[in-house]
Each structure stands twice: as structure tokens, then as C-alpha cells.
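Chains as they are written, first to last, in my numbering: chain A, 1 to 156; chain B, 1 to 156.
What the hints contain is simulated information worked out from the structure, not anything from laboratory work.
Glycine included, every Cβ here is placed at the ideal spot set by N, Cα and C.
Per label pair, the in silico range of CB-to-CB distance: (1) B:R4 x A:T110: 42 to 50 Å; (2) A:G120 x B:K48: 31 to 39 Å; (3) B:E26 x A:T138: 30 to 38 Å; (4) A:T110 x B:Q15: 25 to 33 Å; (5) A:G120 x B:R114: 34 to 42 Å; (6) B:Q15 x A:G37: 43 to 51 Å; (7) A:I43 x B:R114: 34 to 42 Å; (8) A:E54 x B:I11: 18 to 26 Å.
Number of protein chains: 2
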Amino acid sequence: MPERTTSLQDIYAAQGVCFGCGPANECGLRIKSRPQGENVVAIWTPEKHHEAFEGVLSGGIIGTLLDCHSNWTAAWALMRAAGADHPPCTVTAEYHVRLLRPTPAGGPVTLSARAVEVKGDRAIVEATLEAEGKVGATCRGTFVAVKPGHPAYHRW
Amino acid sequence: MPERTTSLQDIYAAQGVCFGCGPANECGLRIKSRPQGENVVAIWTPEKHHEAFEGVLSGGIIGTLLDCHSNWTAAWALMRAAGADHPPCTVTAEYHVRLLRPTPAGGPVTLSARAVEVKGDRAIVEATLEAEGKVGATCRGTFVAVKPGHPAYHRW
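Chain A extracted, bound-state conformation (with noise of 0.2 Å):
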């Protein structure tokens, strides 16, 4: 039960204010990633705002909820094959989002992301967002483990 560990926003960021993902930030989405064998979950509940139109969940939060957990299933899977003790600091190079049909925003949705490909700095993550068991709308994208210097680089 992934619900029962702590997240990797938790234990990694816990000052992070990131739309997204920062536990941090009191008007985001605070998104829980969470490992779970060779895949990172989270599970999240809309608010009522953050719907496109009535029951239906925006594109734009679907691909925020995607893009900040597939970041952090990359940050993991770089952190794994280095052998290091804490994420890299790793930022979006591109993100491709398919919304395959509706998806209800009146109760939780399931995250779910998986490095595909994981080479030097940066990984390939393929993720889904799934609500009421059907998968709405998935997710491929690249994510890059910055390097000193960037503005990013402290980011957790």
C-alpha cells in the first residue's frame, strides 16, 4: 500500500515549493510519489477548481499531475542507477501528454510511471493517469539531471 511509506517529495523536498509537487507550497497540488517495485505511484483528489468543465478534470492539471511525477520517477531512477544516497536535481526537458477521454475529477485519481530508459543524465519516463479504473490520459517525456550552476540545481 503505497499510501503507508513516505513520499519521495517528503523525504527528499520537504521545502519544495513547486506548483506541483512541493510539500511546501499551500496552493499547489502536493502531489506523493511513491515507489512501489519498479514503478512510482501516487494517488490525488482534485479540487473542485481544478476542473475543465462540470466532473471533468482540466488537461492542464492532468498534465501538471503527470509532468511533476513522472519528474520525480526520473529523479528516483537516476538516483538508483548512480548508486547515491539522494535524487539528482532534475528538470522537464519535454513532456507529450494524450488525453484519451474525459477523466472524472469527483474522486482520486492513480498515477502511475516507470523510467524507460535511463542513459548518463537524463531519463525517459512513460506514465498514466487513471480514475474510476480507466486510464485517461498518459504521459511520455524526458527529464534531465541538472548540473551546478543551473538555477535548478538546489532545487531539493
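Given the coordinates of chain A, assemble chain B onto it according to the supplied hints.
What follows is chain B alone, placed relative to chain A:
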């Protein structure tokens, strides 16, 4: 000066609640997209909680802005192609965001989009997000006019 005209959202969807573009969503981004020649332009100013980390705009917010702005660009293009007096209700099929550099969050950003292909019920739109004179992100997406029976059919 596009700010002096009424936005597409305010003309055609004043009661819209979409997180990204609904004029009636007080917690939303409330972008205002205005035709300007063949392009559609929006100028939007971030709030502090839209950051990814200190001084830099969240990639998820960037995607949300580009998605909603491109969707309105598609609706407007489809309206013009059909010779209609109001836009069809459109939804996002897919969008691909490329983040070229960190986008400063301390001032306004400019979204600019153009339909590069309009065919039947769908449009392909390319868009950029610029801040402090530099393009920070680009987006290419496919947007579709929904049919009667789709939950978005009466979204505006």
C-alpha cells in the same frame, strides 16, 4: 494592442470554470486569448505559487497555459473555417511541451499560437511561451471539436 480587445474567453465562455481559461474560476489561471492577425496572443502574469522553484515558472503551469491557449486558438480557427458566428466546443487530444530554458516567474509571459492545420473537426496548433524576450517553451497539440453527447459539448 491585444489587451484592448475582449478576449475569446470573455466573449464566448464568460461562465467557463476551466482551471486554465475559465473567466469564472477564481482559483484558476484565467488566461485571456485575443486574436491578432493570424495568431492568437495572451499575456499572463504568474503568482508566487505558480513557481517550480524560486523565481522560475512551473513546467506544469506552462503546459496548462499553452494547452488552454492553443485550445482556444483551435476553436477560433475552426469557427473561421466553418464561417460560423461562435466557436465549436473543443477539447485537447494531445499536446507536446518542450521546455527550452527556465522561464522567469517575476513578470508577465506572452503566449502566441497559430493553427497550422485545420481539417474537419480538428486543428493542429503550434504555440510559444515567451518571457523577458526569450522563448522559454514551445507546444504543438491537436484539438478536436466534440460532437453532441460528449460531456464537453456545452462547455461554452
